[in-house]
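Engineer: The lines below spell out each chain.
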Amino acid sequence: MAIARLILVTGKGGTGKSTVAAALALCLARRRPTLLVDLDQRRWAARMLGIEPTSDSAGGVAESPAPNGKGAAAIANLAAISLSADAELQAFIERLVPIKAVARRMLQSRTFGYVSAALPGLEAFLMLERLRIVAGQAALEDRYVVVDAPATGSALELLAVPGALEQIAPLGTLNRLAANVESFLADGSRFAVMLTLTPQELALREALEASDILRGRLNVSVAAAALNCVAHRLFSRSELGALGAHPECQRMAQWRTGAGGCAARARRAASRAALKVIELPMLFSPAMGRAELEELSRVLSARLFPPTSARPAPAARSAKSE
Amino acid sequence: MTTADPSHGLFAGRLLICLGPGGVGKTTVSAALALSAAMAGRRVDVMTVDPAPRLLDALGLAHEDGAELREVPLAGLAASSGAADLSDLLDSADLSGVADSSNVVERGGARRRPAGGAGRLRALRLDPKRTFDAIVARHAPSPAAADAILQNRLYRNLSQALAGVGDYMAMERLLELSDNPTTGLVVLDTPPAREALDFLDAPRRLLDLLKSRAVTLLGGGMRRGFSVVDIAARAVLSAFDRLTGLHLLGDVQAFVRSFDGMYAGFAERAARAQKLLAADATAVVVITTVEPERTAQAHEFIVALRTAGIEPRAVIVNRMLPAMPPAEEIARARLAPALRRKLARAAQEFAALHAREAAAIASLRAGLPAALKLLAVPDLGREPAELTDLARLGQSLAIL
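In order, the protein sequence lines correspond to chains A and B. The numbers in my numbering rise by one with no breaks, and the one at position 216 of the first sequence is 216. The numbers in my numbering rise by one with no breaks, and the one at position 191 of the second sequence is 191.
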């Protein structure tokens, strides 16, 4: 299976977005150098992995893959960066106003803060433009990029920005930049989304809606839907019934059955929607640490790189298209 | 755990604000709290600002136009949800002078009214764009001025994107709801926020924006007293316009100019909102779940609130594991060996998750003031989809 150069992980809040992003980064890092990008400054995926992201968003991309960790344990082939809208705006203004002192004073002025806030989607757009550059660089260096994105709603808004900008600015530089970003987002070898969901009704519905919007209106490919926290059924219906004489036992069995959620329905609905589902097990462990992430990353690995297709050569294919 | 006072004083005031990070079930918990208060006899309006119709879904109103208040039928809930304990939800002493005090269910006696009889629940979903349009129409000096704003390209793109507009619009609707004398308690779900104060700060930020020199700068021509920075900002904008082909400057100016006559109206509303938020009858709760990411965020919220002088009334931990009988009890049951093994496995799995949860609660508590109550809402094992689910959630609030 060909893996997009950059995979953006998003999903409903509480479905384990950061967990899946971290596990995916671990999984990809076993094959090639991988960059984990955080978009909202909380850096949770990186923190789960115990690596320290560099926060320099403008120049940090090309830096060494080793995390600049003080006490943070390095993971082979895995680096993390954190992008911020402010830093992107700053880099953009500095490009526009070559006199550093003037640019700096401007960025410090409250006035300018309000003005830039009034430019529709500019900051969001600059983040996407940065992702495009990061992905381009990753193609040259044959790396993977995993983006730990905000929750579905915000992520969809973010991805809709270039299209909106193209309409607002029918001509000029920004139009050209927006068109570039749009074609980057539409190129399945360079950009794809991985949706996360849990076997719960609302999470399933949100994932299906998101997939519709992504593939339809936004023209973005959805690499897979990671169905997280799947607990396989332990008690059969008749066993649950047989426990009627033992209410305590029945309560336990019912809890365990409920923990499974609607995995079967999620599986069916996703396959009807032509989504590739990757099931990740619910981990009944007293902590969610590195070992647990490794376990999830192995499951991802087995599904993304099935052993039968011995040489998937995803890099070669995507490099060609760039 | 104790359930002696299931409301923990949360329903006594006039306004209950639910803050919290995204994905913790804030909408569900606010709906459950609102429903409990209504079943306890209060006249409640609940507003969600989440654009997904989740709350309305749970309240059985998904097919309606959610932007308007809809009454939620409470009939039939009393029997299934143990109304006998509900009178304890109210502290009637706190209700003196509150508009719906006549509806207070009498305490402790046999003459309790059935839940749903006296109380009332209405729900709505915030539509920021519509609310903003309505405000523009109300405050604009003339219909022509209102039209000019509504047609402005920037306004059309920005009325939702402009930082804080959604929060401000929630505030605006909140004022409307709390102006209604027939409403006793307003329960407010808030937009998913990164920072606790994003929402509470919205009126001040919008006023700031309107007062800022950017407005004068962009609205009028060049006047005296502008620093080089302002001029540079203007220069950058025009350079930006030239380079990008956006031609925004003209729109920005027109936008800002058209707000000229509206400042006073905005200022008055914002000042009232600020007063309402600071009132004694306003309670703030922070909602979270036990995942480390959420508890860390909830903790940041609480610190920020307290720094701003707002003492949260409680932290509500949603989706807690239900109470289970001890493993020994399960081991004692006489069952077929295969079933017994399965149960042992389930008990073991439960114990692991329980340990994870206990550690999360301990670390959450460690960073909080001792007096701050931690309340648990249990996981139902499925999405709460019906009113009875919400009622169950609301009534199982338990001190951790």
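Be aware that a few hints might be false.
[To be verified] Below, a sample of chain B positions facing chain A; criterion: calculated Cβ distance under 10 Å: (1) Val24; (2) Val136; (3) Arg138; (4) Ala140; (5) Pro141; (6) Pro143; (7) Tyr263; (8) Pro325; (9) Pro337; (10) Ala351; (11) Arg356.
Note that these hints are calculated values from the structure, not bench results. All C-beta atoms, glycine included, are put in the ideal place defined by N, C-alpha and C.
Engineer: Give a verdict on every hint.
Structural biologist: Taking the hints in turn, this is what the structure says about them:
1. With a least beta-carbon distance of about 7 Å to chain A, the hint placing Val24 of chain B at the interface is held under the 10 Å criterion.
2. The criterion of a C-beta within 10 Å of any C-beta in chain A is not met by Val136 of chain B, whose closest approach is roughly 16 Å, and the hint is violated.
3. For Arg138 of chain B, the interface hint is violated, the least distance from its beta-carbon to any beta-carbon of chain A being 22 Å, above 10 Å.
4. Of the supplied interface hints, the one on Ala140 of chain B is violated, with its beta-carbon coming no nearer than about 19 Å to a beta-carbon of chain A, more than 10 Å.
5. Violation of the interface hint for Pro141 of chain B is found here, the shortest Cβ-Cβ separation to chain A being roughly 22 Å, above the 10 Å cut-off.
6. For Pro143 of chain B, the shortest C-beta to C-beta distance to chain A is roughly 25 Å, which exceeds 10 Å, and the interface hint is violated.
7. Look at Tyr263 of chain B: its Cβ only gets to about 15 Å from chain A, farther than 10 Å, so that hint breaks.
8. Interface restraint check: Pro325 of chain B against chain A, minimum CB-CB distance 4 Å, threshold 10 Å, status holds.
9. Against a cut-off of 10 Å between C-beta atoms, the interface hint on Pro337 of chain B is violated, since the closest Cβ of chain A lies about 13 Å away.
10. Because the smallest distance between the Cβ of Ala351 of chain B and any Cβ of chain A comes to about 8 Å, under 10 Å, the interface hint for this residue holds.
11. At its closest, the beta carbon of Arg356 of chain B sits 5 Å from a beta carbon of chain A; the interface hint therefore holds under the 10 Å criterion.
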